[in-house]
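Visitor: Starting from the known structure of chain W, arrange chain X on it as the hints suggest.
What follows is the residue order along each chain.
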Amino acid sequence: MSEPLSVSTPGPLLDIAELAKRFTVGGKQGLLARATSFRKPVAPLPQLYAVDEVSFTIARGETVGLVGESGCGKSTLVRLINRLLDPTSGSIRLAGTELADFKARAFAANPHRARIQMVFQDAGDSLNPRYTAADAIADPIRRLKKMPGAALAARVEALADMTGLPRELLSRFPHQLSGGQKARVGIARAIAVEPELLILDEPTAALDVSVQVVILQLLQQLKRELGMSYLFVSHDLNVVRLLCDRVLVMYLGKIVEQGPAAEVFADPRHPYTKALISAIPQADPAQRAGRLRLGGEPRSPIDPDPTVCRFYGRCPKGTPRCAEEMPILHPAGSARQVACHFAT
Amino acid sequence: MTAIPALAVEDLSVEFRTRSGVVKVLEHVGFSVDKGETVALVGESGSGKSVTAFAVMGILDAAGKVTSGRAMFGGSDLLALSERDLAEQRGRELSMIFQNPRTALNPIRRVGRQIADVLVRHGGATRNDAPQAAIAMLKKVRIPDPERRAEAYPFELSGGMCQRIMIAIALACRPALLIADEPTTGLDVTTQAVIMDLIGELAGESGMATIFITHDLALAAEYCDRIVVMHAGHIVEAAPGRALFDHARHPYSAKLLAATPGETVSLEALASIPGGLPDLRRPDLPPCRYSGRCERRTEACDQPLPQRIVGDHHVVACWNPL
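Chain order of the listed sequences is W and X.
For the first sequence, our numbering assigns the number 1291 to the initial residue and increments by one for each residue that follows.
For the second sequence, our numbering assigns the number 92 to the initial residue and increments by one for each residue that follows.
Hints listed in this document are in silico derivations from the structure and should not be mistaken for laboratory results.
Here the structure is a predicted model, which means the values were calculated and not measured.
Think of the CB as a built atom: it goes at the ideal place given N, C-alpha and C, for glycine as much as any other residue.
A portion of the hints provided could be inaccurate.
Dumping the calculated DSSO-like pairs for lysine-lysine here, alpha-carbon to alpha-carbon at most 30 Å [as the list claims (entries may be wrong)]:
| id | chain 1 | residue 1 | chain 2 | residue 2 |
| --- | --- | --- | --- | --- |
| 1 | W | K1607 | X | K126 |
| 2 | W | K1513 | W | K1436 |
| 3 | W | K1564 | X | K126 |
| 4 | W | K1436 | W | K1393 |
| 5 | W | K1607 | X | K231 |
| 6 | X | K231 | X | K126 |
| 7 | W | K1393 | W | K1435 |
| 8 | W | K1513 | W | K1393 |
| 9 | W | K1607 | W | K1564 |
| 10 | X | K230 | W | K1564 |
| 11 | W | K1513 | W | K1435 |
| 12 | X | K126 | X | K230 |
In silico contact screen, one side only, chain X against chain W (beta carbon under 10 Å); selected entries [stated by the list, open to error]:
| id | residue |
| --- | --- |
| 13 | E247 |
| 14 | S249 |
| 15 | M287 |
| 16 | L310 |
| 17 | A312 |
| 18 | E354 |
| 19 | L358 |
Which stretches of chain W does chain X cover? Using the computed rule of at least three CB atoms under 8 Å from a CB of chain X, they are [as the list claims (entries may be wrong)]:
| id | segment |
| --- | --- |
| 20 | 1306-1313 |
| 21 | 1355-1366 |
| 22 | 1504-1510 |
| 23 | 1558-1572 |
| 24 | 1593-1603 |
Just chain W, with the same shape it has in the complex (with noise of 0.2 Å):
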């Protein structure tokens, strides 16, 4: 293998500052439009805010949960850090390198592309139904890393033993697999290239309980014996709570609280967070006392008043404060950060 592109660096794998993407809308002028308007000066086309300068970093071999509803950011924001988008501004520093300066679209072939990787959500939809199983997961290695032939073939059966595909089933294709099989081949290929950071985006979210068992106690033996850190991207709460050390609350772009998954779900701060936390079924009636329902309809992300509260409308404690200054991410306790004027 070539040499190392990172030089163990104290401090975060991940830092992620300020780090923001906003696409324009089209509205109804068009580039037509536009080009041909030589008298009235044309109004700034709408910004949608998908994410809205976040910082955070992520530690060698932590886990960290990206939670919140959707259309709050956590795909866009997974694809700027992913460089499959570019952001319009900010920084995405992996161990100290720069990568937010690279350009998405040429990225597939930098070989920086391989300290990052992802598991997509629905591993049957990204496998390519012409490429065995073997293929798939020999592509990225042929892609990043020069490795001949017996190599390659050694390598593949190892990551398939890795993750516990039976190599049998590696000259198979897609629709020949079982769900359980696909992932673990959307598993093997992503963790080809030795990634240093593992973005997991539900990868258990078209699995039977039974099988994602097996899935989620294979990716946390994966990440103890490859020292990989996570960004773990689920709508299960309960998933997140059991596999995470640290989680992220999105809400509009804007993270809202931030600390120690066991503590935000103990002790929730802000009440985006609250009602999230609340709305986990639960079986013991016990459990359901005072929880909290959200109503109304999340604020718009186009071009949002930057002196609102972005949970402003559906928050249940909405005071005329919250509706003239956008609370700012603020240290509550140790290690945790909550964006509401009313958490401590």
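Guide: Relative to the frame of chain W, chain X by itself:
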């Protein structure tokens, strides 16, 4: 109990003909739902939850065939009704919410009209007053700004809102029986909670019986009166939610609970279920389809399955219950 069953499914068996043989998808399935009661059907993929619902609704795939059984509903057997009579019942008395609202709604018809269509066809509304009634339904499922949203197409609405439209269509004619097939899969937990509360409330108001299909045991326990656990086309256990969580009697139910992340403290404490579903095409399927995966298997398991009553409303189909 003196409750009146709204739906009583008895001895339901369904087969699918495929190129590789006959698949016995359901075998001797029986359960009942009382008026105002919510019953959950739970189990892994391939356990026969959805096929049970489809058979009752008379919307089985053409390859599927009901080989035995009855589904008594309001004095008539749904499985024996002509397609025409059944179509009359569907929409009015029987209603269904499908898993994916985006594919179940008509993409090129405004959502208000889709609700109005049902009201005109089954609810006795006229074309003139149906739009107003549709807006009232939208209000009921708590869609903000219903007058404007009635004019929207499904692609303009979020997943949670499309699901609320589906519920509005399903409940428009106050059905006596609602079948909800994983109505909250793919929705956020916060939206899921709101949708489930809504179904529960509307069911309570009109005494509607509900069959709720899910693979989420905690969700079933929270919102349903009873839980029916299915495995490979058999009902293995039926019990009130709390009773099932406190003391599951069938080995499969216990394994399913042990695999569900809930109040568990660590990942290591979760256990998977060994083995897989048996091949339902085999002609020599054992009487207990779980026996191949079961740790409590004895010689008695080769006998036809028992229906043991082990508690109040608690039935288990096992010779060696826990």
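Visitor: Next, verify each hint and record whether it holds.
Guide: Going through the hints against the structure:
| no. | hint | verdict |
| --- | --- | --- |
| 1 | K1607(W) / K126(X) | violated (39 Å) |
| 2 | K1513(W) / K1436(W) | holds (25 Å) |
| 3 | K1564(W) / K126(X) | violated (35 Å) |
| 4 | K1436(W) / K1393(W) | holds (23 Å) |
| 5 | K1607(W) / K231(X) | holds (25 Å) |
| 6 | K231(X) / K126(X) | holds (21 Å) |
| 7 | K1393(W) / K1435(W) | holds (20 Å) |
| 8 | K1513(W) / K1393(W) | holds (29 Å) |
| 9 | K1607(W) / K1564(W) | holds (12 Å) |
| 10 | K230(X) / K1564(W) | holds (27 Å) |
| 11 | K1513(W) / K1435(W) | holds (22 Å) |
| 12 | K126(X) / K230(X) | holds (25 Å) |
| 13 | E247 | violated (13 Å) |
| 14 | S249 | holds (7 Å) |
| 15 | M287 | holds (8 Å) |
| 16 | L310 | holds (4 Å) |
| 17 | A312 | holds (4 Å) |
| 18 | E354 | holds (7 Å) |
| 19 | L358 | holds (5 Å) |
| 20 | 1306-1313 | violated (count 0) |
| 21 | 1355-1366 | holds (count 3) |
| 22 | 1504-1510 | holds (count 4) |
| 23 | 1558-1572 | holds (count 7) |
| 24 | 1593-1603 | violated (count 0) |
Of the numbered hints listed earlier, those contradicted by the structure are 1, 3, 13, 20, 24.
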